[in-house]
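Counting along the sequence shown from 1, when you hit position 200 you're at 667 in the numbering used here, and nothing is skipped either side.
Where hints are given, some of them may not hold.
Only pairs whose alpha carbons sit at most 25 Å apart, straight line, appear in this in silico SDA-like list of lysine to any residue [claimed, not checked]:
no. : residue 1 : residue 2
1   : K489      : S501
2   : K487      : N639
3   : K554      : P663
4   : K554      : A481
5   : K489      : V479
6   : K487      : V730
Honestly, the hints are just simulated from the structure, not real lab data. These numbers come from a predicted model, not from an experiment.
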Amino acid sequence: MNFLSALGDGLVIARRNLIKLKRVPDVLVFVLLSPIMFVLLFAYVFGSAIDIPGGSYREFLMAGIFGQTVVFGATFTGAGLAEDMQKGIIDRFRSLPMSRAAVVFGRTASDVVYNIITLTVMATAGLIVGWRVRGSLLDALAGFLLLLLFAYSVSWIMALLGLSVPSPEVLNNASFIVIFPMTFIANTFVPAESLPSVLRVFAEWNPISSLVQAVRELFGNIPPGAPEPASWPLQNPVVYTVFWACLIIAVFAPLAVRRYVRVAKKS
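Throw the hints in and build the complete structure from the sequences for me.
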């Protein structure tokens with residue numbers, strides 16, 4: 468099949484996933500409650516305890532919440548594929564005359580829409596608690612696009628994992644073990660320089676830190692007079708983040724498609 472045919476098949480699968488989400492809105496409601504809870508918890512409980520010299524912790528916080536949420540939201544991709552495998556939906560897809568990449572591409576593409584909804588809800592909650600975009604409209608748009616790009620890249624990792632585990636429960640537990648420390652040993656909720664030496668080095672080179680740093684800069688949420696980051700990734704956060712996103716897609720997209728083909732043949 469040519470590229471346009473494969474793209475059309477993938478969009479059909481994406482539409483199927485979005486219709487499914489529409490018919491079971493409870494899933495989306497409870498998933499969206501989590502980032503709202505994080506915004507309120509950190510803004511009101513920890514906001515008065517964590518000092519950001521020359522700036523507002525609530526503005527410092529929002530980029531971290533955005534970054535953490537889109538990375539955790541990528542597990543939705545893996546869980547969806549694991550559920551389709553468990554219920555035998557993959558067997559039905561295998562019998563249809565479609566591109567072998569369509570199922571995985573459609574899953575990751577539909578979750579971009581899910582992330583757009585999540586970011587919209589989170590931005591609204593942030594505005595309510597006092598977060599503001601201090602940069603230009605174009606910079607803010609670039610910040611949201613960068614979040615979506617990175618989330619899309621991580622969804623390919625989760626797609627491969629979702630096709631490799633026996634159930635959505637296993638996927639959720641396995642991904643949590645990796646994602647939780649990645650998002651917390653970073654500059655998501657506290658400045659990286661405040662971490663102990665070993666953790667600080669890890670945080671400075673953690674792509675989630677560069678994502679958060681880039682979003683803070685694009686949103687204009689870096690306090691005036693804030694010290695210049697010492698590490699190259701945080702000095703060039705947009706470049707470093709885009710590099711990691713492209714690398715992840717280049718590596719894991721072919722692996723996920725290959726894994727799907729193997730799983731379909733075994734079914």
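Next pair to validate is K489 with V479; report whether the Cα-Cα distance is within 25 Å. At roughly 15 Å apart (the allowed maximum being 25 Å), V479 and K489 satisfy the hint.
Can the restraint linking K554 and P663 be considered satisfied, given a maximum Cα separation of 25 Å? Given pair K554, P663 is violated - Cα atoms ~46 Å apart, limit 25 Å.
Check the hint pairing K489 with S501 against an upper bound of 25 Å on the C-alpha distance. 19 Å, holds
Satisfaction of hint between V730 and K487, Cα-Cα up to 25 Å: 23 Å, holds
Holds or violated: are the alpha carbons of K487 and N639 at most 25 Å from each other? 20 Å, holds
Quickly compare the C-alpha distance for K554 and A481 to 25 Å and report which way the hint goes. 18 Å, holds
The structure fails to meet hint 3 from the earlier list, while all remaining hints are met.
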